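Peer 1: As you go down the protein sequences, you meet chains A and B in turn. Oh and the first sequence: position 39 is 39 in the numbering used here, straight run, nothing missing. Oh and the second sequence: position 240 is 240 in the numbering used here, straight run, nothing missing.
I should point out that these hints are in silico values taken from the structure, not numbers from a laboratory. The structure presented is a predicted model; accordingly, all values stated were derived computationally and were not measured. We treat Cβ as the ideally placed atom computed from N, Cα and C, and that holds for glycine. Treat the hints loosely; a few may be bogus.
Computed list of lysine-lysine pairs in PhoX-like fashion (alpha-carbon distance at most 25 Å, straight line) [claimed, not checked]:
(1) B:Lys130 <-> A:Lys47
(2) B:Lys330 <-> B:Lys228
(3) B:Lys228 <-> B:Lys332
(4) B:Lys538 <-> A:Lys68
(5) B:Lys87 <-> B:Lys203
(6) B:Lys518 <-> B:Lys538
(7) A:Lys4 <-> B:Lys308
(8) B:Lys330 <-> A:Lys64
Taking beta-carbon pairs under 10 Å as the criterion, some of the chain B residues facing chain A (in silico) [as the list claims (entries may be wrong)]:
(9) Tyr127
(10) Leu128
(11) Glu141
(12) Arg147
(13) Arg150
(14) Gln220
(15) Ala224
Residues of chain B placed beyond 12 Å of chain A at every Cβ, according to the derived structure [said to hold, decoys possible]:
(16) His125
(17) Asn126
(18) Pro303
(19) Cys427
(20) Thr528
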Amino acid sequence: MIEKHTIIVTVTNRVGILARITGLLAQRGYNIESAIAAPTEDPDIYKIILVVMETDENIEQITKQLNKLIDTIKVIDISHRDNYIVREYIILKVGITPRTRAEVLDLIRVFEARLIDLATDHLIVELTGHVRKIDRFIELLKPFGIKEFVRSGEFAMTEYN
Amino acid sequence: MNGAEILIDVLINEGVDTVFGYPGGSVIPIFDVLYRTDTIRFILTRHEQGATHAADGYARATGKVGVCIVTSGPGATNTITGIATAKMDSVPIIVISGQVAAGNIGTDAFQETDMVGLTRSICKHNYLVKNVEELPRILKEAFFIARTGRPGPVAVDIPVNVSNSILANYQYPKDVSLPGYKPVTNGNQKQIEKLARAINEAKRPLLYTGGGIISASASQELLALLDKTNIPIVVTLMGLGAIPADYPTFLGMPGMHGTMAANLALTECDLLIGIGVRFDDRITGKAEHFATQATVAHIDIDPAEISKVIKAHIPVVGDAKKILRELIDKVKPRPRDDWNSRTQSWKDQFPMTYNQANESSILPQYVIDRLNVLAPDNSIIVTDVGQHQMWAAHFYRHRRPRAFLSSGGLGTMGFGLPAALGAAIGCPGQTVITISGDGSIQMNIQELATCAINDISVKVIILNNSYLGMVRQWQELFWDRRYSHTCLKRVSTCPPVCPGPNANCPSDYIPDFVKIAKANHIPGLRATKPSEVDAVLKEGLNQPGPVVMEFIVKSIENVFPMIPPGKPISAIIPGRPA
Ligand SMILES: Cc1cc2nc3c(=O)[nH]c(=O)nc-3n(C[C@H](O)[C@H](O)[C@H](O)COP(=O)(O)OP(=O)(O)OC[C@H]3O[C@@H](n4cnc5c(N)ncnc54)[C@H](O)[C@@H]3O)c2cc1C
Ligand SMILES: Cc1ncc(C[n+]2csc(CCOP(=O)(O)OP(=O)(O)O)c2C)c(N)n1
Numbered sequence: 001m002i003e004k005h006t007i008i009v010t011v012t013n014r015v016g017i018l019a020r021i022t023g024l025l026a027q028r029g030y031n032i033e034s035a036i037a038a039p040t041e042d043p044d045i046y047k048i049i050l051v052v053m054e055t056d057e058n059i060e061q062i063t064k065q066l067n068k069l070i071d072t073i074k075v076i077d078i079s080h081r082d083n084y085i086v087r088e089y090i091i092l093k094v095g096i097t098p099r100t101r102a103e104v105l106d107l108i109r110v111f112e113a114r115l116i117d118l119a120t121d122h123l124i125v126e127l128t129g130h131v132r133k134i135d136r137f138i139e140l141l142k143p144f145g146i147k148e149f150v151r152s153g154e155f156a157m158t159e160y161n
Numbered sequence: 001m002n003g004a005e006i007l008i009d010v011l012i013n014e015g016v017d018t019v020f021g022y023p024g025g026s027v028i029p030i031f032d033v034l035y036r037t038d039t040i041r042f043i044l045t046r047h048e049q050g051a052t053h054a055a056d057g058y059a060r061a062t063g064k065v066g067v068c069i070v071t072s073g074p075g076a077t078n079t080i081t082g083i084a085t086a087k088m089d090s091v092p093i094i095v096i097s098g099q100v101a102a103g104n105i106g107t108d109a110f111q112e113t114d115m116v117g118l119t120r121s122i123c124k125h126n127y128l129v130k131n132v133e134e135l136p137r138i139l140k141e142a143f144f145i146a147r148t149g150r151p152g153p154v155a156v157d158i159p160v161n162v163s164n165s166i167l168a169n170y171q172y173p174k175d176v177s178l179p180g181y182k183p184v185t186n187g188n189q190k191q192i193e194k195l196a197r198a199i200n201e202a203k204r205p206l207l208y209t210g211g212g213i214i215s216a217s218a219s220q221e222l223l224a225l226l227d228k229t230n231i232p233i234v235v236t237l238m239g240l241g242a243i244p245a246d247y248p249t250f251l252g253m254p255g256m257h258g259t260m261a262a263n264l265a266l267t268e269c270d271l272l273i274g275i276g277v278r279f280d281d282r283i284t285g286k287a288e289h290f291a292t293q294a295t296v297a298h299i300d301i302d303p304a305e306i307s308k309v310i311k312a313h314i315p316v317v318g319d320a321k322k323i324l325r326e327l328i329d330k331v332k333p334r335p336r337d338d339w340n341s342r343t344q345s346w347k348d349q350f351p352m353t354y355n356q357a358n359e360s361s362i363l364p365q366y367v368i369d370r371l372n373v374l375a376p377d378n379s380i381i382v383t384d385v386g387q388h389q390m391w392a393a394h395f396y397r398h399r400r401p402r403a404f405l406s407s408g409g410l411g412t413m414g415f416g417l418p419a420a421l422g423a424a425i426g427c428p429g430q431t432v433i434t435i436s437g438d439g440s441i442q443m444n445i446q447e448l449a450t451c452a453i454n455d456i457s458v459k460v461i462i463l464n465n466s467y468l469g470m471v472r473q474w475q476e477l478f479w480d481r482r483y484s485h486t487c488l489k490r491v492s493t494c495p496p497v498c499p500g501p502n503a504n505c506p507s508d509y510i511p512d513f514v515k516i517a518k519a520n521h522i523p524g525l526r527a528t529k530p531s532e533v534d535a536v537l538k539e540g541l542n543q544p545g546p547v548v549m550e551f552i553v554k555s556i557e558n559v560f561p562m563i564p565p566g567k568p569i570s571a572i573i574p575g576r577p578a
């Protein structure tokens with residue numbers, strides 16, 4: 001069954017490491033939904049957080065192949081684990097009219113999103129939260145006419161040490 | 001010391017005695033140091049592809065890391081096929097390429113190519129050296145990575161200014177620190193015990209071993225296990241020589257061109273013990289039809305190989321030699337039984353044969369078979385790619401590891417001659433014979449000059465069938481004999497559609513290989529009749545130095561048995577229909 005998997009790859013911070021990882025997935029024909037290369041508390045260590053849509057068997061191969069890269073220290077597929085905090089960030093521009101403005105602002109309040117800019121025909125808003133919350137936010141704003149958005153891709157961290 | 005001097009010092013430190021390569025602008029500083037070094041022998045091949053395969057052949061024959069040095073741009077791109085060849089067959093080589101000065105990288109400078117980007121997917125690891133300070137560490141890591149764990153090629157790209165920069169306090173590091181690279185060599189105890197139990201309980205166990213036995217130097221251990229258990233065994237193309245070909249329970253090579261016995265054993269076994277093999281599709285065919293009755297055990301040093309193609313029920317990650325040592329003590333002696341008789345009966349029923357007596361032209365199998373008698377026991381056989389490769393695999397009587405070198409995974413035509421050259425340099429005193437086809441030999445034939453000039457004693461056998469035989473065989477069997485562009489004799493006056501050899505074929509083969517040999521100051525011999533085979537082999541093998549021996553062989557002979565591509569083993573074609 002094809003499912004969404006979030007994979008955290010801990011790597012040594014070497015030139016070209018992101019290209020190595022994304023190249024490996026492309027070379028073996030896997031699709032990447034999102035990839036973030038994030039610095040960590042240790043300047044020598046980066047975390048690359050990948051979201052891929054694949055079957056369980058393919059995910060096993062992907063994690064093994066990622067592990068095989070010389071600069072990879074650790075690979076974890078956190079999809080079936082609950083002890084991880086996963087967050088995503090979005091900036092979104094939605095159209096408004098005098099008639100819909102209040103309703104849109106209401107939604108923003110309910111989601112605890114933050115208004116960044118307000119113009120007569122559109123507004124820009126930012127939101128951080130679980131991926132499902134972001135999905136739902138987009139879904140509810142769609143009828144008002146979303147003009148543009150960018151999502152960060154997933155961020156994740158374990159709750160424990 | 002400058003970067004170039006550091007590089008040469010590292011090579012000496014790592015015990016490198018020979019470097020293959022080709023100079024150019026961005027490596028002149030390195031070549032300048034080679035000029036004054038007498039500890040390292042430098043072999044100037046005639047093409048960078050040749051240098052890479054030579055380093056590869058050297059590594060396969062000796063077990064040491066092979067090294068080549070080439071210039072940036074076209075020099076670097078010419079190594080690509082060689083690097084990919086070494087990657088597919090897990091061969092430890094280091095390819096050092098020059099690069100434009102670091103400050104010019106990214107400007108499309110003269111002879112700039114992104115070597116790290118180009119080689120990323122075809123090497124075990126690669127580096128662009130940004131400054132001379134990191135050069136010693138990178139070189140240390142490169143050697144460590146190439147030869148440990150699952151061996152493989154490492155590419156190191158050195159900008160010319162790094163070669164020229166001085167490093168004040170140079171010291172070659174003693175240790176590497178690679179937090180992300182710690183190959184597991186000790187097998188998990190529980191898994192080894194589980195495997196031993198499975199072996200003790202199996203009714204129809206089968207060993208399936210490959211290149212990993214060679215890289216682990218585990219032949220002795222494998223033989224000890226065999227002697228104790230009498231388990232029937234099949235050996236891949238890459239593993240040939242791990243055990244002597246006349247070992248009683250040896251069933252031959254499995255796979256698309258494997259023996260009937262080996263393939264039938266794969267279908268009927270109830271426990272398949274893969275050791276240092278990667279379940280290549282040339283062996284499994286359609287995966288869902290592969291070894292369907294068997295519990296699959298897999299010993300491999302590379303965790304990513306486990307369950308990659310075929311699900312392993314008993315995986316053991318680690319070094320084959322170490323694991324075999326432990327396994328031997330844990331398995332019970334096993335007498336020969338019905339299963340042994342059954343596999344032996346297949347061997348008797350379907351032997352690999354040929355019938356020279358009925359043929360007026362030379363059969364390629366016959367030439368190889370005669371080597372069993374006429375070539376010294378210490379011979380190293382190096383093949384090219386095609387039908388001749390399969391015949392060499394089957395008809396040469398393999399005796400020891402590292403004595404049959406062949407491009408298996410990439411199947412690189414043109415591998416044979418340069419790899420043989422490298423093997424000859426790595427193993428002086430052994431007879432190195434390359435078995436090639438008239439197609440393959442032309443892909444790196446320039447290396448005859450390298451052999452001649454450096455007196456590298458490679459015995460070149462060309463089995464000339466005037467076809468790209470292996471492809472022609474597929475066309476014959478699966479494409480209704482439409483021999484599209486596989487005839488190497490074809491000239492512009494030939495009819496557009498040609499059903500195969502006939503009375504109107506041109507008589508001359510171009511080029512004349514004997515003349516090419518002579519142009520290189522190498523003796524060139526030719527046999528056209530079966531009765532001439534022995535004389536040519538004797539004359540070629542008994543004189544010192546390189547020789548070219550051309551055998552004009554039957555042009556439409558096929559390699560059998562053959563399992564059609566993508567088909568299950570049951571679809572095997574035992575021989576050409578009468
Ligand atoms: C025209 C053509 C036809 C071919 N037909 C056939 C055929 O019919 N039959 C056939 O067998 N081949 C055939 N081949 C070759 C085939 O393509 C593969 O190259 C070959 O089967 C792979 O061999 P292998 O499984 O031994 O793996 P290798 O490529 O040799 O890989 C070695 C394995 O061992 C592991 N390993 C390495 N070191 C260790 C260690 N120290 N301990 C444990 N494990 C280790 C590696 O991780 C790897 O998994 C053909 C090739 C060509 C070009
Ligand atoms: C570089 C390269 N190009 C193409 C092929 C495809 N190919 C595989 S076998 C073969 C024919 C080889 O012909 P030859 O060397 O004459 O050997 P024969 O099969 O006749 O023994 C070809 C073209 C290949 N393996 N390698």
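Peer 1: Compare the structure with each hint and give your call.
Peer 2: Verification of the hints:
no.	hint	result
1	B:Lys130 <-> A:Lys47	holds, 23 Å
2	B:Lys330 <-> B:Lys228	holds, 11 Å
3	B:Lys228 <-> B:Lys332	holds, 8 Å
4	B:Lys538 <-> A:Lys68	violated, 49 Å
5	B:Lys87 <-> B:Lys203	violated, 37 Å
6	B:Lys518 <-> B:Lys538	holds, 19 Å
7	A:Lys4 <-> B:Lys308	holds, 21 Å
8	B:Lys330 <-> A:Lys64	violated, 30 Å
9	Tyr127	holds, 9 Å
10	Leu128	holds, 7 Å
11	Glu141	holds, 8 Å
12	Arg147	violated, 14 Å
13	Arg150	holds, 9 Å
14	Gln220	violated, 29 Å
15	Ala224	violated, 31 Å
16	His125	violated, 5 Å
17	Asn126	violated, 9 Å
18	Pro303	violated, 6 Å
19	Cys427	holds, 30 Å
20	Thr528	holds, 48 Å
Taken one by one, the earlier hints fail for this structure at numbers 4, 5, 8, 12, 14, 15, 16, 17, 18, listed in ascending order.
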